[in-house]
Amino acid sequence: MQTLQGIAVSPGVAIGEALIVGNEGFRIPRRLVVRDAVDEELQRFRSASAVVAAEIEHNRDTISSQIGEQYGAIFAAHLMMLQDPGLQRQVEQLIREQNYSPEYAVSQTLRRYAQVFQQLGNGNLAERAHDIFDIERALLRQLLGARREELSNLKSPVLVLAHSLSPTETALLDRQFVLGFVTEIGGAGGHTAIVAKALEIPAIVGVGSFLEQVSGGDSVIVDGDHGRVILQPDEATIDRYQKGAEDHRSLEVQLRGLRNLPAETTDGERLLLQANIEFPREVQSALARGADGIGLYRTEFLYLGLEQEPSELDHFQAYAEVVRAMGDRRVTIRTLDLGADKMGRQPQQEERNPDLGLRAIRLSLRNLPLFRTQLRAVLRASALGPVQVMFPLITTLQELRQAKMVLADAMEDLEESGEPFERQIPVGIMVETPATVMMLDQLLKEVDFISIGTNDLVQYTLAVDRGNSEVAERYQASDPAVLRLIDLTIRAAAAARVPVSVCGQMSGEVSYTMLLLGLGLRGFSVPPSAIPEIKRVCRSVSIPQCEVVARRAMQLYTAREVDNYVREELRKVAPELLR
Amino acid sequence: MVYQSASRQVTVVNPQGLHARPAHAVVTLASRFRSDIELVRDGEIADAKSILAILTLAAAQGSQLTLRARGEDAGEALEALTDLFAGGFGENGE
Chain A
0 MQTLQGIAVS PGVAIGEALI VGNEGFRIPR RLVVRDAVDE ELQRFRSASA VVAAEIEHNR
60 DTISSQIGEQ YGAIFAAHLM MLQDPGLQRQ VEQLIREQNY SPEYAVSQTL RRYAQVFQQL
120 GNGNLAERAH DIFDIERALL RQLLGARREE LSNLKSPVLV LAHSLSPTET ALLDRQFVLG
180 FVTEIGGAGG HTAIVAKALE IPAIVGVGSF LEQVSGGDSV IVDGDHGRVI LQPDEATIDR
240 YQKGAEDHRS LEVQLRGLRN LPAETTDGER LLLQANIEFP REVQSALARG ADGIGLYRTE
300 FLYLGLEQEP SELDHFQAYA EVVRAMGDRR VTIRTLDLGA DKMGRQPQQE ERNPDLGLRA
360 IRLSLRNLPL FRTQLRAVLR ASALGPVQVM FPLITTLQEL RQAKMVLADA MEDLEESGEP
420 FERQIPVGIM VETPATVMML DQLLKEVDFI SIGTNDLVQY TLAVDRGNSE VAERYQASDP
480 AVLRLIDLTI RAAAAARVPV SVCGQMSGEV SYTMLLLGLG LRGFSVPPSA IPEIKRVCRS
540 VSIPQCEVVA RRAMQLYTAR EVDNYVREEL RKVAPELLR
Chain B
0 MVYQSASRQV TVVNPQGLHA RPAHAVVTLA SRFRSDIELV RDGEIADAKS ILAILTLAAA
60 QGSQLTLRAR GEDAGEALEA LTDLFAGGFG ENGE
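First to last, the protein sequences are chains A and B. Per numbering that gives the first Met the number 0: the first sequence = residues 0 to 578. Per numbering that gives the first Met the number 0: the second sequence = residues 0 to 93.
Hints in this document: simulated from the structure, not taken from any laboratory. These numbers come from a predicted model, not from an experiment. Even for Gly, the Cβ is constructed at its ideal location relative to N, Cα and C. There's no promise every hint is true.
Between beta-carbon pairs, the in silico distance windows are [stated by the list, open to error]:
| no. | chain 1 | residue 1 | chain 2 | residue 2 | range |
| --- | --- | --- | --- | --- | --- |
| 1 | A | Q42 | B | R31 | 21 to 31 Å |
| 2 | B | G86 | A | A49 | 32 to 42 Å |
| 3 | A | Q87 | B | R31 | 45 to 55 Å |
| 4 | A | G256 | B | R31 | 57 to 67 Å |
| 5 | A | A53 | B | R31 | 17 to 27 Å |
| 6 | A | E299 | B | G86 | 25 to 35 Å |
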């Protein structure tokens with residue numbers, strides 16, 4: 000038995016057999032074919048090409064229907080590269096004139112293209128080199144006939160262990176058979192992590208190099224609650240985890256009964272319990288758990304995986320799907336919250352410190368056409384149901400005013416072209432930096448709501464990068480400094496009669512629910528999967544009871560003391576929720 | 000049948016340059032014509048029906064290209080492709 004520690008990115012426990020997805024290096028023999036066999040070998044290459052083309056078309060259709068047309072479009076270019084007349088001609092020439100085997104000819108030709116792209120030194124084209132390698136792999140797999148056990152063609156349940164999985168590969172995982180996955184690289188904020196959470200598959204990333212220690216078929220436990228991977232567990236460990244999994248299942252059944260009950264405390268305080276989503280289709284998970292609305296609709300997925308910026312229509316279709324599905328429940332759309340470094344475009348100059356650089360609202364205000372496109376789509380979606388718009392990383396009043404001005408411009412445009420939209424669309428900001436908290440008295444006069452993004456607030460308050468293992472342990476939402484800022488924020492919002500919610504990771508963690516209620520918070524926005532548990536806590540406590548917890552917690556000196564204390568308090572009211 | 004030969008100057012106007020999506024659009028359009036069509040940039044010649052060749056030109060915004068076509072529908076092909084370039088491949092930017 001061997002236990003490895005990684006970063007837990009999607010909760011749950013899975014026990015099963017390992018399927019190892021290597022970054023396979025095909026060994027290509029420099030083989031020559033006999034002259035008589037040339038026609039046969041050409042035919043072999045052509046049929047491999049046809050099979051791979053069909054595969055790409057299939058992937059395109061699957062991705063289009065599962066995630067959206069924009070992602071599917073990537074494969075159209077892929078397909079065209081495979082069928083490129085120049086490429087086909089060169090491969091066939093090598094087979095016919097040099098008597099190269101199709102495997103060798105394919106490898107030679109494609110690697111040459113990949114090399115050219117890599118040498119052109121332009122970010123977009125270097126990415127295309129990956130496409131070329133992808134095509135090479137697919138062709139070789141056909142030609143060599145060594146079809147590995149395909150992720151898309153699973154017949155029995157497995158745990159996927161890989162060096163890395165791209166967001167696309169993750170999105171394509173067959174949820175019927177993939178019980179969980181573990182990757183050697185990757186971080187908590189990565190897109191793969193977000194997709195895993197959306198799929199609700201237990202997942203751990205950033206375990207470090209371990210694949211050479213496992214063989215396919217080994218039994219493995221993936222503990223997505225604690226970021227633990229257990230290789231070849233002993234029987235006692237398996238028993239313990241199986242028991243835990245059973246408890247979890249019965250808890251889930253029990254929690255399912257809460258779906259149609261309101262998020263309300265025992266003394267009758269009605270709370271707003273909303274969902275955070277990333278992909279339009281997650282709206283179904285949110286509805287299935289009885290979310291009061293979408294408190295945070297991240298829109299970054301529209302910008303990732305694409306080389307060109309999404310069109311107004313791309314935005315609008317994604318928003319419309321969610322707004323229509325939610326009916327009369329409010330949808331809060333957050334504008335682009337990415338750094339320039341993540342957008343596939345090269346920043347003007349290399350940013351030494353991207354978290355403190357050109358990102359989120361700063362990037363939007365620097366790229367007005369991009370920002371206006373998004374705002375127009377948000378506004379158009381507001382004609383279909385209650386929508387509010389939220390700006391990320393506002394640190395100054397001036398930024399808020401600029402953003403609102405661009406919004407007003409977009410409204411004017413739409414008005415001129417006769418497009419319907421909600422003129423009174425509520426406008427809000429994320430509270431993510433100490434500067435924002437300090438300026439709230441002014442900011443609150445100019446917004447309709449605020450939402451505390453605890454992930455960034457923790458990072459900027461404590462000056463800690465949680466991706467840096469040297470200091471990651473200091474990254475604590477329950478650090479007294481962070482709690483004080485949250486307290487100040489909730490108070491300031493209450494005084495200004497502006498609704499406030501928390502949409503960061505902290506709001507989805509059951510151990511903090513009582514504390515946040517006690518501080519006066521009445522709005523929570525959490526991952527869909529966390530809704531039942533949070534609701535369970537809310538329905539087990541009274542506000543005065545929570546206020547006692549908050550007062551006590553605010554007097555503690557360290558994050559650890561706070562964590563221990565709030566867990567003990569939770570144990571008193573809902574022990575089954577403590578993992 | 001009249002055999003034609005023609006050429007035109009075009010400029011890449013969209014901000015992201017001639018990347019995969021525009022290249023895909025060029026090939027899709029060019030493939031509808033029977034003529035041989037080429038894109039020339041600083042003496043480098045790319046077959047307009049080959050996405051890999053077009054990408055290899057690495058034409059950024061502002062690049063000047065020459066479109067050349069030979070064949071029965073050369074004039075028509077150049078007309079259509081010139082419009083595609085002028086429209087920035089439907090990618091708006093400022």
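- Task: Starting from the range 45 to 55 Å, see whether the pair Q87/A and R31/B falls in it by beta-carbon distance.
- Result: With a Cβ separation near 19 Å, Q87/A and R31/B fall outside 45 to 55 Å, so the hint is violated.
- Lying within 32 to 42 Å: is that true of the beta-carbon distance G86/B to A49/A? 34 Å, holds
- Message: Can you tell me whether the CB distance of A53/A to R31/B sits inside 17 to 27 Å?
- Response: 23 Å, holds
- Take the C-beta atom of Q42/A and the C-beta atom of R31/B, compute their distance, and say whether it sits inside 21 to 31 Å. 29 Å, holds
- Message: Tell me if the beta carbons of G256/A and R31/B are separated by a distance inside 57 to 67 Å.
- Response: 60 Å, holds
- Task: May I ask you to test the hint 25 to 35 Å on the CB atoms belonging to E299/A and G86/B?
- Result: 28 Å, holds
Going down the numbered hints, you'll see the structure goes against just number 3.
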